[in-house]
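**Student:** Top to bottom, those sequences are chains R and V. Start counting the first sequence at 0; every next residue gets the next number (numbering that gives the first Met the number 0). Start counting the second sequence at 0; every next residue gets the next number (numbering that gives the first Met the number 0).
Among the clues, some could well be false.
[As the list claims (entries may be wrong)] Straight-line C-alpha distance at most 30 Å; calculated DSS-like pairs for lysine-lysine:
{"hint": "1", "chain 1": "V", "residue 1": "20", "chain 2": "R", "residue 2": "79"}
{"hint": "2", "chain 1": "V", "residue 1": "62", "chain 2": "R", "residue 2": "446"}
{"hint": "3", "chain 1": "R", "residue 1": "441", "chain 2": "V", "residue 2": "104"}
{"hint": "4", "chain 1": "V", "residue 1": "152", "chain 2": "R", "residue 2": "446"}
{"hint": "5", "chain 1": "V", "residue 1": "20", "chain 2": "R", "residue 2": "441"}
{"hint": "6", "chain 1": "V", "residue 1": "152", "chain 2": "R", "residue 2": "380"}
{"hint": "7", "chain 1": "R", "residue 1": "122", "chain 2": "R", "residue 2": "189"}
{"hint": "8", "chain 1": "V", "residue 1": "140", "chain 2": "R", "residue 2": "13"}
{"hint": "9", "chain 1": "V", "residue 1": "140", "chain 2": "R", "residue 2": "148"}
{"hint": "10", "chain 1": "V", "residue 1": "140", "chain 2": "R", "residue 2": "122"}
{"hint": "11", "chain 1": "V", "residue 1": "62", "chain 2": "V", "residue 2": "103"}
{"hint": "12", "chain 1": "R", "residue 1": "76", "chain 2": "V", "residue 2": "104"}
{"hint": "13", "chain 1": "V", "residue 1": "103", "chain 2": "R", "residue 2": "441"}
{"hint": "14", "chain 1": "V", "residue 1": "103", "chain 2": "R", "residue 2": "189"}
{"hint": "15", "chain 1": "V", "residue 1": "140", "chain 2": "R", "residue 2": "255"}
{"hint": "16", "chain 1": "R", "residue 1": "79", "chain 2": "R", "residue 2": "255"}
{"hint": "17", "chain 1": "V", "residue 1": "13", "chain 2": "R", "residue 2": "196"}
Simulated from the structure, these hints should not be mistaken for laboratory data. A quick note: this is a predicted structure, and the numbers were derived from the prediction, not measured.
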Amino acid sequence: MSVSTPKERRIILKHADDPNYSNRIGCYLREGGYGNLKKAFSMQPEEVGEEVLKSGVRGRGGAGFPAGMKWKFLDRKSGKPIYLICNADESEPGTFKDRQIMYKDPHQLIEGMMITAFAIGAKQAFIYIRAEFHEGARILERAISEAKKAGFCGNKILDSEYSCDLVVHRGAGAYICGEETGLIESLEGKRPNPRIKPPYFPAVLGLYQCPTIVNNVETLCNVRHIIEMGGEEFSKIGKPNNTGTRIWCVSGQVMKPGYYEFECGSLTLGQLIFDICGGLRPGRSLKAVIPGGSSAKVLRADERFSGTLKDGTEFDWGLEDIPLDFDGPMAAGSMSGSGGIIVMDDTVDIVEAMANVNAFYAHESCGQCTPCREGSLWMRKISQRMCSGGAREEDADLLLSVAKQIEGRTICAFGEAAAWPTQSFVTKFKDDFIRKATDSPKERDPKSLQLI
Amino acid sequence: MDNSINLSDDTLSKIDEVVPKYPEKRSAALMVIHLVQDELGAVDDASCEWIARRLELQPINIKELITFYPMLREKPWGRKHVRVCRTLPCALRGSYGTCKTFEKKLGVKEGHVSEDGEYSLEFMECLADCGQGPVVIVDEKTYENIDGKTAEKFADLLIDGKLDESDDFNSYEDSLTQGTKN
Ligand SMILES: Cc1cc2nc3c(=O)[nH]c(=O)nc-3n(C[C@H](O)[C@H](O)[C@H](O)COP(=O)(O)O)c2cc1C
Ligand code: SF4
Ligand code: FES
Numbered sequence: 000m001s002v003s004t005p006k007e008r009r010i011i012l013k014h015a016d017d018p019n020y021s022n023r024i025g026c027y028l029r030e031g032g033y034g035n036l037k038k039a040f041s042m043q044p045e046e047v048g049e050e051v052l053k054s055g056v057r058g059r060g061g062a063g064f065p066a067g068m069k070w071k072f073l074d075r076k077s078g079k080p081i082y083l084i085c086n087a088d089e090s091e092p093g094t095f096k097d098r099q100i101m102y103k104d105p106h107q108l109i110e111g112m113m114i115t116a117f118a119i120g121a122k123q124a125f126i127y128i129r130a131e132f133h134e135g136a137r138i139l140e141r142a143i144s145e146a147k148k149a150g151f152c153g154n155k156i157l158d159s160e161y162s163c164d165l166v167v168h169r170g171a172g173a174y175i176c177g178e179e180t181g182l183i184e185s186l187e188g189k190r191p192n193p194r195i196k197p198p199y200f201p202a203v204l205g206l207y208q209c210p211t212i213v214n215n216v217e218t219l220c221n222v223r224h225i226i227e228m229g230g231e232e233f234s235k236i237g238k239p240n241n242t243g244t245r246i247w248c249v250s251g252q253v254m255k256p257g258y259y260e261f262e263c264g265s266l267t268l269g270q271l272i273f274d275i276c277g278g279l280r281p282g283r284s285l286k287a288v289i290p291g292g293s294s295a296k297v298l299r300a301d302e303r304f305s306g307t308l309k310d311g312t313e314f315d316w317g318l319e320d321i322p323l324d325f326d327g328p329m330a331a332g333s334m335s336g337s338g339g340i341i342v343m344d345d346t347v348d349i350v351e352a353m354a355n356v357n358a359f360y361a362h363e364s365c366g367q368c369t370p371c372r373e374g375s376l377w378m379r380k381i382s383q384r385m386c387s388g389g390a391r392e393e394d395a396d397l398l399l400s401v402a403k404q405i406e407g408r409t410i411c412a413f414g415e416a417a418a419w420p421t422q423s424f425v426t427k428f429k430d431d432f433i434r435k436a437t438d439s440p441k442e443r444d445p446k447s448l449q450l451i
Numbered sequence: 000m001d002n003s004i005n006l007s008d009d010t011l012s013k014i015d016e017v018v019p020k021y022p023e024k025r026s027a028a029l030m031v032i033h034l035v036q037d038e039l040g041a042v043d044d045a046s047c048e049w050i051a052r053r054l055e056l057q058p059i060n061i062k063e064l065i066t067f068y069p070m071l072r073e074k075p076w077g078r079k080h081v082r083v084c085r086t087l088p089c090a091l092r093g094s095y096g097t098c099k100t101f102e103k104k105l106g107v108k109e110g111h112v113s114e115d116g117e118y119s120l121e122f123m124e125c126l127a128d129c130g131q132g133p134v135v136i137v138d139e140k141t142y143e144n145i146d147g148k149t150a151e152k153f154a155d156l157l158i159d160g161k162l163d164e165s166d167d168f169n170s171y172e173d174s175l176t177q178g179t180k181n
């Protein structure tokens, strides 16, 4: 490991892999658990919100919107009940961090949620968890009943006048339930067809048309630490506008894939891949990286990224120099999204990789908007045909034109999520797409895995 | 209420417990469907009607969920249901090979149930465990790093009913309760 590579700083995952720690309340209490709930209850709800605002913590679900600001948008004048929903759908390909939290330290999430519920004055709170997490749902149910018995959740929390029930709700295998308004529809017992926004965001009209806050699992866990440290102190972790730690989920072709928690901006993409994850397999070189879940635009290993950052500093980076925080991957024309980093080495057939991603989006479109439903289907069909011997030189442009007709023309951001991979793969690897049509070998290179 | 679809008392009481947790009955639809499906293996028309009545809805309100959500079923899977993740991170570690091995070993095509109803195989989208792919879920347990070659041994154990007792394959869920790092 090179000298300058920083160490992990585990705040959220502090106890996740401790052999002397389990997901039961005893362990959590032993480590000072629920002390921050008590601290929050000694404050005014608005003060809790202020601390979160001061912390600068940004949402960990994908969009990176500041949590404190989202809470401020709550419509408190309507007099309608307020709801809190934890987005535990964890459905963005390449992401597996919320799983670690819920299976290994569920009380951290419950404490974060009850502090949040208190701060926003929620009448009821829900955890929307993907159905594939069978055991995860059971672990949460058990943790909630432990917390209820101890007075940390449910009726008259900590003997105060404030009550808030917490309910675990299971999805049923649809990616679109991760989109917050699709999630809300699903929680209402309907098909998860996302809602048109603007003008109304969930903070104004959410669950049952009542003001609703939807936050990601990791975001809500951070609330607990913000209360512990104070917003000001928390904001010193990481970098301005990129505060706290982030859990990077590395998958694909590295020696040591896994989840790694670092202070925002404390290391580069190159350090993560080559030092922390042990680099690539012997004899391989880097071809491409998707930095923020499969919806993020792919980065090409030999690309240069240059421009001016928000704070005015100029940058000129190679892929390995991209700082891992919210703003770094964004400045490189992609995004840090959900923190899912997918690494591809030089054995990868890039057209097949794109075809794999396209098959995902075609399968997961909710079907409400014609450009998304038809476009994602056509992108899948074209890329699949390209991979089964029927590639044509004009396919690259055809794919780009389909993607272009989706972007910006749909109800929800799934449209972009489906279009961006194709746009970036085709633009950045045009040679690979042309070669597929002109001189693709009949036999697969045995080192190159089938991806479609 | 008319129990025309033969649910156990246990399931019925779980349903009675879950419905009042929600401010509106309709919200309980997915959870009730899960409970019914867990017991019966699928949600047929009669079950749809029963659930609709229980939640004061129309049968179509339930049917439209069954036909939308990938994990809800009108017909049951096999007695052992094997899910293999298809999405890019797992594919980059060999999941297409994993799926092929299972097709061969279990004698069933992906998306289908074997003729004797014993096995079914599903090539699914991302299961949120991408760091340890290829990921395989058997019924409710998650197994990691099952590439095409490893899947041969895995499938043999599964067929012999010895997967649970085997030390070679420890599920993500089991490694938690043992307090081991994974
Ligand atoms: C197609 C799509 C899928 C999404 N999937 C997830 C998901 O699985 N988990 C998640 O937390 N957010 C997901 N999001 C983002 C949510 O819509 C929402 O922004 C987020 O839950 C808000 O929480 P945060 O502010 O704490 O990040 C998705 C968004 C889109 C457009
Ligand atoms: S963009 Fe796609 S997923 Fe989103 S609402 Fe439209 S059809 Fe559904
Ligand atoms: S891609 Fe297989 S678990 Fe995510």
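**Student:** With reference to the structure, classify each hint as holding or not holding.
**Tutor:** Hint check results:
With a C-alpha separation of about 19 Å, the suggested pairing of residue 20(V) with residue 79(R) holds against the 30 Å cut-off. For a cut-off of 30 Å, the pair hint linking residue 62(V) to residue 446(R) is broken: about 45 Å separates their Cα positions. The straight-line distance between the Cα atoms of residue 441(R) and residue 104(V) is roughly 28 Å, inside the 30 Å bound, and the hint therefore holds. Among the hinted pairs, residue 152(V) with residue 446(R) is consistent with the structure: their alpha-carbon atoms are about 22 Å apart, no more than 30 Å.
Annotation: proposed proximity of residue 20(V) to residue 441(R) is violated, straight-line Cα distance about 59 Å (limit 30 Å). This hinted pair does not check out: residue 152(V) and residue 380(R) have alpha carbons roughly 35 Å apart, beyond 30 Å. About 22 Å separates the Cα atoms of residue 122(R) and residue 189(R), which keeps this hinted pair within 30 Å; it holds. Pair hint residue 140(V) plus residue 13(R) holds up; C-alpha atoms about 25 Å apart against a cutoff of 30 Å.
With a CA separation close to 29 Å, the supplied pair residue 140(V) and residue 148(R) stays within the 30 Å bound. A C-alpha spacing of about 35 Å is found between residue 140(V) and residue 122(R), which places the hinted pair above 30 Å, so the restraint is violated. For the suggested pair residue 62(V) and residue 103(V), the alpha carbons sit about 34 Å apart, so the restraint of at most 30 Å is broken. Proposed proximity of residue 76(R) and residue 104(V) is contradicted: the alpha carbons are some 62 Å apart, above 30 Å.
Annotation: proposed proximity of residue 103(V) to residue 441(R) holds, straight-line Cα distance about 25 Å (limit 30 Å). Using a Cα cut-off of 30 Å, the hinted pair residue 103(V) and residue 189(R) is violated, with the two alpha carbons roughly 38 Å apart. With a CA separation close to 23 Å, the supplied pair residue 140(V) and residue 255(R) stays within the 30 Å bound. Restraint check for residue 79(R) and residue 255(R): the C-alpha separation of about 49 Å exceeds 30 Å, so the hint is violated.
Under the criterion of a C-alpha separation no larger than 30 Å, the hint pairing residue 13(V) with residue 196(R) is inconsistent with the structure, at around 37 Å.
Hint compliance for this structure: hints 2, 5, 6, 10, 11, 12, 14, 16 and 17 are broken, all remaining hints hold.
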